[in-house]
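*Asks:* Order-wise, the sequence lines are chains S, Y, P and H. Numbering of the first sequence is given in my numbering, commencing with residue 12 and proceeding in unit increments. Numbering of the second sequence is given in my numbering, commencing with residue 12 and proceeding in unit increments. Numbering of the third sequence is given in my numbering, commencing with residue 12 and proceeding in unit increments. Numbering of the fourth sequence is given in my numbering, commencing with residue 12 and proceeding in unit increments.
Over 12 angstroms on every C-beta distance to chain Y, these chain P residues come out as not near it, computed from the model: (1) D72; (2) G165; (3) E180; (4) V198; (5) T238; (6) S264.
Per the computed footprint, the stretches of chain Y lying under chain P, defined by three or more beta-carbons under 8 angstroms from a beta-carbon of chain P, are: (7) 57–70; (8) 203–210; (9) 235–249.
Just so you know, these hints were derived from the structure itself, not from any lab. All C-beta atoms, glycine included, are put in the ideal place defined by N, C-alpha and C.
Number of protein chains: 4
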Amino acid sequence: MPAPGETGPRGYSLPLSPTGAAAMLTPPPWHFSGEIVMVDYRADPRAVRRFLPSELDPGPDPGAAAAVFADWQWCSDSGAEQADPGSCRFGEFLILLGCAYRGRPMARCAYAWVDSAVPMLRGWVQGMPKQFGEIAQSRPVAVGRAGPRVAERGRFHGALSVRGRRVAEATVTLAGRAAGPPALHTVPLVHTRTFPGWIRDHPEPRQLVCSEVTDVEFSEVWTGAATLRLSDAADADFPLLAPLEVGDGHVFSYAETLCAGRLLR
Amino acid sequence: MPAPGETGPRGYSLPLSPTGAAAMLTPPPWHFSGEIVMVDYRADPRAVRRFLPSELDPGPDPGAAAAVFADWQWCSDSGAEQADPGSCRFGEFLILLGCAYRGRPMARCAYAWVDSAVPMLRGWVQGMPKQFGEIAQSRPVAVGRAGPRVAERGRFHGALSVRGRRVAEATVTLAGRAAGPPALHTVPLVHTRTFPGWIRDHPEPRQLVCSEVTDVEFSEVWTGAATLRLSDAADADFPLLAPLEVGDGHVFSYAETLCAGRLLR
Amino acid sequence: MPAPGETGPRGYSLPLSPTGAAAMLTPPPWHFSGEIVMVDYRADPRAVRRFLPSELDPGPDPGAAAAVFADWQWCSDSGAEQADPGSCRFGEFLILLGCAYRGRPMARCAYAWVDSAVPMLRGWVQGMPKQFGEIAQSRPVAVGRAGPRVAERGRFHGALSVRGRRVAEATVTLAGRAAGPPALHTVPLVHTRTFPGWIRDHPEPRQLVCSEVTDVEFSEVWTGAATLRLSDAADADFPLLAPLEVGDGHVFSYAETLCAGRLLR
Amino acid sequence: MPAPGETGPRGYSLPLSPTGAAAMLTPPPWHFSGEIVMVDYRADPRAVRRFLPSELDPGPDPGAAAAVFADWQWCSDSGAEQADPGSCRFGEFLILLGCAYRGRPMARCAYAWVDSAVPMLRGWVQGMPKQFGEIAQSRPVAVGRAGPRVAERGRFHGALSVRGRRVAEATVTLAGRAAGPPALHTVPLVHTRTFPGWIRDHPEPRQLVCSEVTDVEFSEVWTGAATLRLSDAADADFPLLAPLEVGDGHVFSYAETLCAGRLLR
Numbered sequence: 012m013p014a015p016g017e018t019g020p021r022g023y024s025l026p027l028s029p030t031g032a033a034a035m036l037t038p039p040p041w042h043f044s045g046e047i048v049m050v051d052y053r054a055d056p057r058a059v060r061r062f063l064p065s066e067l068d069p070g071p072d073p074g075a076a077a078a079v080f081a082d083w084q085w086c087s088d089s090g091a092e093q094a095d096p097g098s099c100r101f102g103e104f105l106i107l108l109g110c111a112y113r114g115r116p117m118a119r120c121a122y123a124w125v126d127s128a129v130p131m132l133r134g135w136v137q138g139m140p141k142q143f144g145e146i147a148q149s150r151p152v153a154v155g156r157a158g159p160r161v162a163e164r165g166r167f168h169g170a171l172s173v174r175g176r177r178v179a180e181a182t183v184t185l186a187g188r189a190a191g192p193p194a195l196h197t198v199p200l201v202h203t204r205t206f207p208g209w210i211r212d213h214p215e216p217r218q219l220v221c222s223e224v225t226d227v228e229f230s231e232v233w234t235g236a237a238t239l240r241l242s243d244a245a246d247a248d249f250p251l252l253a254p255l256e257v258g259d260g261h262v263f264s265y266a267e268t269l270c271a272g273r274l275l276r
Numbered sequence: 012m013p014a015p016g017e018t019g020p021r022g023y024s025l026p027l028s029p030t031g032a033a034a035m036l037t038p039p040p041w042h043f044s045g046e047i048v049m050v051d052y053r054a055d056p057r058a059v060r061r062f063l064p065s066e067l068d069p070g071p072d073p074g075a076a077a078a079v080f081a082d083w084q085w086c087s088d089s090g091a092e093q094a095d096p097g098s099c100r101f102g103e104f105l106i107l108l109g110c111a112y113r114g115r116p117m118a119r120c121a122y123a124w125v126d127s128a129v130p131m132l133r134g135w136v137q138g139m140p141k142q143f144g145e146i147a148q149s150r151p152v153a154v155g156r157a158g159p160r161v162a163e164r165g166r167f168h169g170a171l172s173v174r175g176r177r178v179a180e181a182t183v184t185l186a187g188r189a190a191g192p193p194a195l196h197t198v199p200l201v202h203t204r205t206f207p208g209w210i211r212d213h214p215e216p217r218q219l220v221c222s223e224v225t226d227v228e229f230s231e232v233w234t235g236a237a238t239l240r241l242s243d244a245a246d247a248d249f250p251l252l253a254p255l256e257v258g259d260g261h262v263f264s265y266a267e268t269l270c271a272g273r274l275l276r
Numbered sequence: 012m013p014a015p016g017e018t019g020p021r022g023y024s025l026p027l028s029p030t031g032a033a034a035m036l037t038p039p040p041w042h043f044s045g046e047i048v049m050v051d052y053r054a055d056p057r058a059v060r061r062f063l064p065s066e067l068d069p070g071p072d073p074g075a076a077a078a079v080f081a082d083w084q085w086c087s088d089s090g091a092e093q094a095d096p097g098s099c100r101f102g103e104f105l106i107l108l109g110c111a112y113r114g115r116p117m118a119r120c121a122y123a124w125v126d127s128a129v130p131m132l133r134g135w136v137q138g139m140p141k142q143f144g145e146i147a148q149s150r151p152v153a154v155g156r157a158g159p160r161v162a163e164r165g166r167f168h169g170a171l172s173v174r175g176r177r178v179a180e181a182t183v184t185l186a187g188r189a190a191g192p193p194a195l196h197t198v199p200l201v202h203t204r205t206f207p208g209w210i211r212d213h214p215e216p217r218q219l220v221c222s223e224v225t226d227v228e229f230s231e232v233w234t235g236a237a238t239l240r241l242s243d244a245a246d247a248d249f250p251l252l253a254p255l256e257v258g259d260g261h262v263f264s265y266a267e268t269l270c271a272g273r274l275l276r
Numbered sequence: 012m013p014a015p016g017e018t019g020p021r022g023y024s025l026p027l028s029p030t031g032a033a034a035m036l037t038p039p040p041w042h043f044s045g046e047i048v049m050v051d052y053r054a055d056p057r058a059v060r061r062f063l064p065s066e067l068d069p070g071p072d073p074g075a076a077a078a079v080f081a082d083w084q085w086c087s088d089s090g091a092e093q094a095d096p097g098s099c100r101f102g103e104f105l106i107l108l109g110c111a112y113r114g115r116p117m118a119r120c121a122y123a124w125v126d127s128a129v130p131m132l133r134g135w136v137q138g139m140p141k142q143f144g145e146i147a148q149s150r151p152v153a154v155g156r157a158g159p160r161v162a163e164r165g166r167f168h169g170a171l172s173v174r175g176r177r178v179a180e181a182t183v184t185l186a187g188r189a190a191g192p193p194a195l196h197t198v199p200l201v202h203t204r205t206f207p208g209w210i211r212d213h214p215e216p217r218q219l220v221c222s223e224v225t226d227v228e229f230s231e232v233w234t235g236a237a238t239l240r241l242s243d244a245a246d247a248d249f250p251l252l253a254p255l256e257v258g259d260g261h262v263f264s265y266a267e268t269l270c271a272g273r274l275l276r
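Go ahead and model the full structure; you've got the sequences and the hints to work with.
*Replies:* Here it is, written out as structure tokens:
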């Protein structure tokens with residue numbers, strides 16, 4: 012937005028327009044309510060290290076990783092997006108890596124895919140490396156047999172395809188309630204905010220940032236045995252993070268509000 | 012499938028192949044579990060009459076109609092489709108018209124849109140006039156503010172677009188629990204099974220059919236005030252069924268199993 | 012459409028409506044103009060035989076097969092669809108098998124995928140086993156370097172994905188003009204018109220049909236070395252038709268008008 | 012990319028990875044070959060002025076504007092993307108406004124929509140306000156009747172839908188060859204490079220930039236009478252740029268290479 016007294020088109024984001032109404036992104040805060048299917052796994056700690064910027068270290072549990080499918084709804088503070096349900100829903104898949112910053116446990120999002128353009132771009136604003144993919148996960152059902160129950164033996168599936176190739180598949184078979192949320196979903200995400208350079212001899216700064224998150228809410232968490240397959244179809248580095256061992260899976264609802272970014276250091 | 016002793020490729024549907032494994036459709040029964048957002052409305056009874064085949068009459072409540080958004084999951088008897096969650100989910104929008112066949116109350120599906128090819132074609136097998144559209148509806152949430160609760164004041168939205176134009180929009184604001192399911196969702200659907208002709212001088216038969224449905228299950232039904240808009244963007248006849256008056260809206264979960272068709276007369 | 016004197020909703024296809032304006036399909040003739048990338052190959056003749064109905068035999072060149080990518084535009088006789096360019100374009104991928112009916116060389120379309128619902132359903136009207144997929148092929152360019160020229164060394168690519176998995180990939184590198192069109196694109200297609208059964212004890216007839224095609228037009232045909240890969244991701248029978256040997260590839264424009272089906276026998 | 016001696020994941024863009032192979036965007040130069048359907052029109056000069064940043068003025072022809080549909084292929088310098096034809100094709104729609112910077116005629120891209128994520132994000136790198144939409148335009152044909160010829164009376168259509176609503180429609184009916192390319196397609200585009208702010212008290216700089224473009228190539232340009240409709244479905248400011256008068260339409264092929272951005276001032 013122009014400074015006071017400044018003229019010209021405005022907006023939180025492009026496109027700039029006379030009143031700012033054309034902006035593709037609304038300014039934060041952004042509210043999210045999601046259904047999560049998550050699988051803990053162990054990646055090669057040396058590979059994980061290569062995905063971490065130098066300010067981060069592998070932390071207390073090197074190689075801890077997770078694959079996360081999420082079926083989101085989001086809205087701005089006004090809630091206006093909810094009136095157009097096709098605009099406020101999106102699917103997401105993340106690869107999270109356990110790490111630490113100055114002794115504080117965090118998670119690094121090495122990969123992210125979404126199936127909607129506004130959430131993709133908003134990811135880049137935060138430093139989250141969101142790309143475009145096809146994402147699907149089981150919806151829990153309360154009646155009938157065409158879906159899993161959130162109950163013992165309920166089986167949840169997740170699938171990610173990118174450019175017409177299957178990249179990730181996961182299954183979680185619920186065994187019971189967990190004592191609490193899975194570790195990598197409770198620590199802050201640490202991103203490298205990066206906008207690609209375009210102007211000659213004007214390198215873009217890279218900023219190590221965390222997000223200010225409020226109004227975190229978890230439903231009861233169900234847990235059980237899981238499977239996870241990551242293919243080599245995404246890019247040449249993606250297979251470095253393939254699972255050496257697959258841990259438990261988790262199914263839960265989760266909400267948060269994203270407020271702003273905070274520079275580390 | 013070939014008769015016993017017959018040779019050649021087989022399958023419940025095209026494509027035929029040596030073992031039948033290529034068939035796009037699995038044979039019934041098909042199981043469905045859905046989240047429904049439904050709005051009762053009144054259409055012009057004379058227009059409704061023009062959408063009914065001569066074997067049907069308007070029944071006891073001429074002009075009764077409903078617009079139905081559904082977020083489905085489906086599977087075959089084996090349940091195999093659930094392992095590929097992108098294949099077993101689809102959205103649907105229906106226009107239902109109250110009618111009667113020989114004194115028995117039924118509903119006529121005048122229009123249907125889905126967003127997935129297998130359910131579309133399976134609709135035609137039953138005589139259901141499914142076309143392709145973009146369908147979205149609010150997902151109820153249990154945590155956070157980015158979606159409605161299934162509770163008083165929860166507001167649910169539905170939207171249908173066809174060929175890049177908005178065709179239908181609906182809103183339901185929950186006020187309380189209903190005594191039971193909405194009438195037009197409890198009567199049998201009556202279809203005209205119609206396969207377009209292709210061979211000269213071989214007209215295709217048209218069959219008036221009902222579906223054999225088992226394992227019907229309703230969740231608690233919530234109800235409240237509703238809005239409904241139908242545009243003129245679908246085709247020249249669609250506006251004939253525009254709402255003269257909008258009634259209550261309903262939000263519920265519903266399951267059924269489709270087994271076979273039954274000829275009327 | 013109702014017979015003269017008959018009342019009730021009408022239309023060439025579902026949805027039936029008072030004037031017939033709601034029908035998803037327009038009646039034939041249908042006009043097509045396409046850009047074709049085609050690869051000849053040899054399949055296992057025993058496998059091909061298993062895909063042929065008993066009325067057909069492998070013909071003079073058992074095992075002759077082709078993979079065909081096409082970028083189509085279509086319109087009805089009125090041409091009205093051209094005013095909505097998103098409705099009249101679609102992509103297609105075919106597997107064709109050489110065969111013969113009573114000594115007449117024909118081609119059997121064992122598999123077909125398209126990326127648009129109207130062409131998919133219209134395929135079923137003809138007996139063509141069209142399923143839904145993501146299809147892409149190189150567009151020839153006249154300026155710049157972001158695409159092949161229709162000229163020596165022009166390299167054309169085609170790709171098919173189904174349900175998020177890559178199913179077919181082909182490449183053709185043009186070496187020169189061909190003497191004429193590739194054989195499997197010049198013989199009639201023979202289909203088994205099949206509509207899945209739904210009513211108990213009412214088996215649906217299966218009809219062996221050819222299409223009446225007029226106004227066939229070929230551009231100059233360019234040809235050259237080709238590659239072709241078919242994966243096992245489509246269904247369990249699809250890999251039976253994998254290439255044993257890959258022949259020449261062909262790039263050309265093609266037009267035809269589909270008028271009606273003709274019963275064989 | 013890390014500076015010499017720096018460690019950690021790298022890449023021209025997110026996602027950063029050990030070798031840089033995961034980056035969603037390849038670094039420039041990027042090569043483009045497109046088919047263009049363009050309509051000149053006149054917008055309200057006062058409205059145009061409100062879309063221009065203060066460094067720009069309306070130039071010699073205030074209110075000159077154009078709507079541009081483009082069917083693009085793109086590739087990086089390696090050309091590797093051409094092997095995956097689904098990745099290198101995209102559609103685009105632009106609203107261009109005539110303007111001037113210090114006496115030099117330029118064009119301001121007030122709005123842009125594309126149908127592919129990589130080109131969308133790459134637009135933001137340049138300062139081009141690309142959003143996501145459904146874009147379709149007529150493909151010229153050389154055979155058959157299911158498309159226009161690049162010849163007298165050939166009629167080309169373009170259509171844009173955003174979030175399931177029609178936003179723009181255009182038609183060009185070719186009358187003859189033009190003397191040269193349309194004016195607004197020959198001047199430099201001037202963008203405001205803008206990355207939305209995220210970190211409290213760290214406003215993001217906004218940069219007025221032009222692109223360094225090489226290897227521009229035009230085919231013969233055909234021209235004729237045109238129609239153009241812009242709806243009010245995009246956002247509240249979009250209707251400000253509605254056509255007061257519609258000028259000629261143009262159909263041509265165009266290629267360019269985008270190399271880097273250049274700061275104005």
